[in-house]
Amino acid sequence: MTTPRSRHSGRGRSLPLGIAAVAVVGASALTFGHAASLGGISSADVASFSVSGTVSVPTTTLPPRPDCGAGDNAVACVVPVGTTIDVKKLKWKADIVVLGTIDGDLEVKNGNITIGAGGLVTGKITQKGDGGVTVLAGGNVGKGIKEDGNGSVDISGTVADKVEEKGDGNLIIGPNGSVGDDAKESGPGNLVVNGTVADKAEEKDAGDLTVNGGVDEAKESGPGNLVVNGTVTKKAEENDDGDLIIGLDGVVGSAKESDAGELLCGTEFGLGACP
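In our numbering, the protein residues as written are 1 to 275.
Errors might be hidden in some of the hints.
Quick list of in silico lysine to aspartate or glutamate cross-link-like pairs, EDC-like style, CA-CA up to 20 Å [said to hold, decoys possible]: (1) Lys219 x Asp240; (2) Lys124 x Asp148; (3) Lys124 x Asp103; (4) Lys146 x Asp205; (5) Lys219 x Asp199; (6) Lys219 x Glu257; (7) Lys143 x Asp86; (8) Lys162 x Asp240; (9) Lys91 x Asp130; (10) Lys162 x Asp243; (11) Lys146 x Glu164; (12) Lys219 x Asp243; (13) Lys235 x Asp181.
Distance ranges between label pairs, derived from CB positions [said to hold, decoys possible]: (14) Ala76 x Ala160: 42 to 52 Å; (15) Gly272 x Lys88: 51 to 61 Å; (16) Val75 x Glu262: 49 to 59 Å; (17) Asn150 x Asn176: 45 to 55 Å; (18) Pro275 x Ala76: 52 to 62 Å; (19) Gly272 x Asn110: 41 to 51 Å; (20) Ser258 x Asp148: 41 to 51 Å; (21) Gly82 x Asn150: 32 to 42 Å.
In case anyone wonders, no lab produced these hints; they're calculated from the structure. Computed from a predicted model, the values in this text were never measured in an experiment. Built from N, CA and C at the ideal position, the CB exists for glycine as well.
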(Lines of atoms letter the chains of each structure in order from A and count residues from 1; the text may use other names and numbers.)
(Lines give C-alpha, C1' and ligand atoms only; values in the text may rest on other atoms or scores of the structure.)
Protein backbone atom coordinates (compact mmCIF):
# COMPACT_ATOMS: atom_id res chain seq x y z
CA MET A 1 0.00 0.00 0.00
CA THR A 2 1.36 3.44 -0.93
CA THR A 3 1.11 6.13 1.75
CA PRO A 4 -0.14 9.53 0.43
CA ARG A 5 2.60 12.12 0.35
CA SER A 6 2.48 15.89 0.87
CA ARG A 7 4.14 18.38 -1.42
CA HIS A 8 6.08 21.31 0.11
CA SER A 9 9.23 23.11 -1.12
CA GLY A 10 9.74 20.36 -3.70
CA ARG A 11 10.22 17.63 -1.04
CA GLY A 12 7.73 14.86 -0.24
CA ARG A 13 6.92 13.71 3.31
CA SER A 14 4.80 10.74 4.33
CA LEU A 15 1.88 11.28 6.68
CA PRO A 16 2.26 9.16 9.84
CA LEU A 17 0.24 5.94 9.73
CA GLY A 18 -3.06 6.21 11.61
CA ILE A 19 -3.80 9.81 10.56
CA ALA A 20 -7.16 9.73 8.75
CA ALA A 21 -8.55 12.57 6.66
CA VAL A 22 -12.08 13.53 7.70
CA ALA A 23 -14.29 14.73 4.84
CA VAL A 24 -16.84 17.32 5.97
CA VAL A 25 -19.98 17.32 3.79
CA GLY A 26 -20.36 20.73 2.20
CA ALA A 27 -16.89 21.93 3.30
CA SER A 28 -14.15 23.00 0.91
CA ALA A 29 -11.16 21.58 2.82
CA LEU A 30 -9.94 18.52 4.68
CA THR A 31 -9.49 18.87 8.44
CA PHE A 32 -6.71 17.05 10.31
CA GLY A 33 -6.93 18.51 13.82
CA HIS A 34 -4.07 20.21 15.67
CA ALA A 35 -0.64 20.35 14.06
CA ALA A 36 0.90 18.74 17.14
CA SER A 37 -0.92 15.50 16.29
CA LEU A 38 0.67 15.32 12.84
CA GLY A 39 4.07 14.11 13.97
CA GLY A 40 5.97 17.33 13.22
CA ILE A 41 4.30 18.28 9.94
CA SER A 42 4.00 22.04 9.73
CA SER A 43 0.89 24.05 8.94
CA ALA A 44 2.41 24.77 5.52
CA ASP A 45 2.65 21.03 4.86
CA VAL A 46 -1.04 20.63 5.74
CA ALA A 47 -2.02 23.59 3.58
CA SER A 48 -0.23 22.12 0.56
CA PHE A 49 -1.48 18.54 1.02
CA SER A 50 -3.41 17.22 -1.98
CA VAL A 51 -4.96 13.89 -2.99
CA SER A 52 -5.01 12.65 -6.56
CA GLY A 53 -7.74 10.34 -7.82
CA THR A 54 -11.54 10.20 -7.44
CA VAL A 55 -13.37 10.88 -4.17
CA SER A 56 -16.86 9.32 -3.93
CA VAL A 57 -19.51 11.04 -1.80
CA PRO A 58 -22.39 8.68 -0.86
CA THR A 59 -25.98 9.74 -0.23
CA THR A 60 -26.04 11.37 3.19
CA THR A 61 -28.12 9.78 5.97
CA LEU A 62 -27.58 11.42 9.34
CA PRO A 63 -28.79 10.90 12.90
CA PRO A 64 -30.32 13.99 14.53
CA ARG A 65 -27.75 16.76 14.11
CA PRO A 66 -27.19 19.50 16.70
CA ASP A 67 -27.90 22.17 14.07
CA CYS A 68 -31.24 20.50 13.27
CA GLY A 69 -32.73 20.42 16.72
CA ALA A 70 -31.09 17.70 18.80
CA GLY A 71 -31.20 18.39 22.52
CA ASP A 72 -32.32 21.84 23.65
CA ASN A 73 -30.99 23.81 20.70
CA ALA A 74 -33.06 26.79 19.62
CA VAL A 75 -31.39 28.03 16.45
CA ALA A 76 -33.19 28.20 13.10
CA CYS A 77 -32.47 25.09 11.06
CA VAL A 78 -32.68 23.93 7.44
CA VAL A 79 -32.71 20.27 6.47
CA PRO A 80 -30.98 20.51 3.08
CA VAL A 81 -31.98 18.84 -0.17
CA GLY A 82 -30.56 15.30 -0.29
CA THR A 83 -30.20 15.00 3.49
CA THR A 84 -32.16 12.48 5.57
CA ILE A 85 -32.59 12.92 9.33
CA ASP A 86 -33.35 9.44 10.64
CA VAL A 87 -35.04 9.75 14.05
CA LYS A 88 -38.10 8.54 15.95
CA LYS A 89 -39.05 12.11 16.90
CA LEU A 90 -37.12 15.30 16.20
CA LYS A 91 -37.86 17.98 18.83
CA TRP A 92 -37.00 21.55 17.99
CA LYS A 93 -37.47 24.98 19.58
CA ALA A 94 -37.19 27.44 16.70
CA ASP A 95 -38.01 27.77 13.01
CA ILE A 96 -37.25 24.79 10.81
CA VAL A 97 -37.36 24.45 7.03
CA VAL A 98 -37.44 20.95 5.57
CA LEU A 99 -36.13 20.64 2.02
CA GLY A 100 -34.82 17.10 2.49
CA THR A 101 -36.34 14.29 4.57
CA ILE A 102 -37.14 13.78 8.24
CA ASP A 103 -37.74 10.06 8.57
CA GLY A 104 -39.88 10.18 11.72
CA ASP A 105 -42.04 12.65 13.66
CA LEU A 106 -41.33 16.37 14.00
CA GLU A 107 -42.34 18.39 17.07
CA VAL A 108 -41.65 22.12 17.27
CA LYS A 109 -42.30 24.47 20.17
CA ASN A 110 -42.28 28.24 19.56
CA GLY A 111 -41.18 28.07 15.97
CA ASN A 112 -42.52 27.94 12.43
CA ILE A 113 -42.43 24.76 10.38
CA THR A 114 -42.07 24.98 6.60
CA ILE A 115 -42.05 21.92 4.35
CA GLY A 116 -40.63 23.06 1.03
CA ALA A 117 -41.03 21.64 -2.45
CA GLY A 118 -39.57 18.13 -2.37
CA GLY A 119 -39.46 18.14 1.44
CA LEU A 120 -40.83 15.15 3.34
CA VAL A 121 -41.72 14.34 6.93
CA THR A 122 -42.67 10.67 7.01
CA GLY A 123 -44.29 10.86 10.46
CA LYS A 124 -46.56 13.34 12.24
CA ILE A 125 -45.99 17.07 12.64
CA THR A 126 -46.89 18.73 15.96
CA GLN A 127 -46.53 22.48 16.51
CA LYS A 128 -46.95 24.06 19.97
CA GLY A 129 -46.79 27.66 21.18
CA ASP A 130 -45.89 30.52 18.84
CA GLY A 131 -45.58 29.62 15.19
CA GLY A 132 -47.47 27.91 12.40
CA VAL A 133 -47.14 25.17 9.81
CA THR A 134 -46.78 25.66 6.05
CA VAL A 135 -46.63 22.85 3.50
CA LEU A 136 -45.66 24.31 0.15
CA ALA A 137 -46.58 22.83 -3.23
CA GLY A 138 -44.51 19.68 -3.69
CA GLY A 139 -44.08 19.18 0.07
CA ASN A 140 -45.32 16.00 1.74
CA VAL A 141 -46.33 14.89 5.25
CA GLY A 142 -46.93 11.19 5.90
CA LYS A 143 -48.96 11.06 9.13
CA GLY A 144 -50.86 14.27 9.65
CA ILE A 145 -50.48 17.69 11.30
CA LYS A 146 -51.57 19.04 14.68
CA GLU A 147 -51.17 22.76 15.38
CA ASP A 148 -51.74 23.43 19.07
CA GLY A 149 -50.57 27.03 19.37
CA ASN A 150 -51.58 30.44 18.09
CA GLY A 151 -50.46 30.07 14.49
CA SER A 152 -52.11 29.00 11.27
CA VAL A 153 -51.78 25.93 9.06
CA ASP A 154 -51.43 26.54 5.32
CA ILE A 155 -51.34 23.52 3.01
CA SER A 156 -50.47 23.72 -0.67
CA GLY A 157 -48.81 20.30 -0.75
CA THR A 158 -49.95 16.84 0.35
CA VAL A 159 -50.79 15.61 3.85
CA ALA A 160 -51.68 11.92 3.91
CA ASP A 161 -53.55 11.91 7.24
CA LYS A 162 -55.60 14.19 9.53
CA VAL A 163 -54.95 17.90 9.95
CA GLU A 164 -56.11 19.84 13.01
CA GLU A 165 -55.65 23.48 14.02
CA LYS A 166 -56.56 23.87 17.72
CA GLY A 167 -55.42 27.33 18.79
CA ASP A 168 -55.78 30.89 17.50
CA GLY A 169 -55.27 30.72 13.77
CA ASN A 170 -56.74 29.55 10.50
CA LEU A 171 -56.57 26.28 8.60
CA ILE A 172 -56.26 26.96 4.87
CA ILE A 173 -55.99 24.29 2.21
CA GLY A 174 -54.80 25.85 -1.02
CA PRO A 175 -56.01 25.06 -4.56
CA ASN A 176 -53.33 22.38 -4.97
CA GLY A 177 -53.48 21.23 -1.35
CA SER A 178 -54.64 17.75 -0.43
CA VAL A 179 -55.58 16.19 2.92
CA GLY A 180 -56.03 12.42 2.98
CA ASP A 181 -58.34 12.30 6.01
CA ASP A 182 -60.24 14.89 8.11
CA ALA A 183 -59.47 18.61 8.30
CA LYS A 184 -60.58 20.20 11.58
CA GLU A 185 -60.43 23.78 12.86
CA SER A 186 -61.29 23.63 16.57
CA GLY A 187 -60.03 27.05 17.67
CA PRO A 188 -61.33 30.59 16.98
CA GLY A 189 -60.27 30.67 13.36
CA ASN A 190 -61.58 29.95 9.87
CA LEU A 191 -61.33 26.77 7.81
CA VAL A 192 -61.02 27.38 4.08
CA VAL A 193 -60.86 24.48 1.64
CA ASN A 194 -59.74 25.52 -1.83
CA GLY A 195 -58.22 22.10 -2.52
CA THR A 196 -59.43 18.66 -1.49
CA VAL A 197 -60.23 16.89 1.79
CA ALA A 198 -60.79 13.15 1.48
CA ASP A 199 -63.15 12.93 4.48
CA LYS A 200 -64.78 15.55 6.75
CA ALA A 201 -64.03 19.26 6.95
CA GLU A 202 -65.21 20.63 10.31
CA GLU A 203 -65.13 24.03 12.02
CA LYS A 204 -65.98 23.79 15.73
CA ASP A 205 -65.42 27.24 17.24
CA ALA A 206 -65.88 30.90 16.32
CA GLY A 207 -65.14 31.10 12.62
CA ASP A 208 -66.51 30.16 9.20
CA LEU A 209 -66.12 27.04 7.10
CA THR A 210 -65.81 27.80 3.39
CA VAL A 211 -65.64 25.05 0.79
CA ASN A 212 -64.44 26.25 -2.60
CA GLY A 213 -62.84 22.93 -3.54
CA GLY A 214 -64.02 19.42 -2.75
CA VAL A 215 -64.74 17.57 0.50
CA ASP A 216 -66.63 14.40 1.42
CA GLU A 217 -68.57 16.02 4.31
CA ALA A 218 -68.73 19.52 5.76
CA LYS A 219 -69.85 20.46 9.29
CA GLU A 220 -69.97 23.85 11.00
CA SER A 221 -70.48 23.34 14.77
CA GLY A 222 -69.61 26.80 16.07
CA PRO A 223 -71.14 30.28 15.75
CA GLY A 224 -70.09 30.77 12.15
CA ASN A 225 -71.38 30.20 8.63
CA LEU A 226 -70.91 27.23 6.34
CA VAL A 227 -70.48 28.42 2.77
CA VAL A 228 -70.34 25.94 -0.11
CA ASN A 229 -69.08 27.24 -3.43
CA GLY A 230 -67.49 23.94 -4.40
CA THR A 231 -68.57 20.33 -3.86
CA VAL A 232 -69.64 18.45 -0.74
CA THR A 233 -70.16 14.86 -1.82
CA LYS A 234 -72.30 13.86 1.15
CA LYS A 235 -73.87 16.07 3.85
CA ALA A 236 -73.31 19.76 4.49
CA GLU A 237 -74.48 20.62 8.03
CA GLU A 238 -74.65 23.79 10.14
CA ASN A 239 -75.83 23.20 13.70
CA ASP A 240 -75.07 26.36 15.70
CA ASP A 241 -75.61 30.11 15.30
CA GLY A 242 -74.86 30.77 11.67
CA ASP A 243 -76.20 30.16 8.17
CA LEU A 244 -75.69 27.37 5.67
CA ILE A 245 -75.14 29.06 2.32
CA ILE A 246 -74.93 27.11 -0.93
CA GLY A 247 -73.48 29.31 -3.62
CA LEU A 248 -74.60 29.47 -7.21
CA ASP A 249 -71.95 26.93 -8.22
CA GLY A 250 -72.11 24.93 -4.99
CA VAL A 251 -73.04 21.24 -5.04
CA VAL A 252 -74.06 19.18 -1.98
CA GLY A 253 -75.33 15.65 -1.50
CA SER A 254 -77.70 16.90 1.21
CA ALA A 255 -77.99 20.05 3.34
CA LYS A 256 -79.08 20.50 6.97
CA GLU A 257 -79.45 23.67 9.02
CA SER A 258 -80.36 22.57 12.54
CA ASP A 259 -80.10 25.67 14.73
CA ALA A 260 -80.82 29.40 14.72
CA GLY A 261 -79.51 30.12 11.23
CA GLU A 262 -80.97 29.90 7.75
CA LEU A 263 -80.49 27.60 4.79
CA LEU A 264 -79.84 29.83 1.78
CA CYS A 265 -79.03 29.19 -1.86
CA GLY A 266 -77.42 31.42 -4.42
CA THR A 267 -79.35 32.53 -7.48
CA GLU A 268 -78.72 34.92 -10.34
CA PHE A 269 -80.37 37.58 -8.21
CA GLY A 270 -78.54 36.89 -4.93
CA LEU A 271 -79.24 34.67 -1.93
CA GLY A 272 -82.68 33.26 -1.29
CA ALA A 273 -84.54 30.28 0.06
CA CYS A 274 -83.35 26.96 -1.30
CA PRO A 275 -85.78 25.14 -3.62
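| request: Starting from the hint list further up, note which numbers the structure goes against and sort them upward. | output: The structure conflicts with hints 8, 10, 14, 17 and 20, although it agrees with all the remaining ones.
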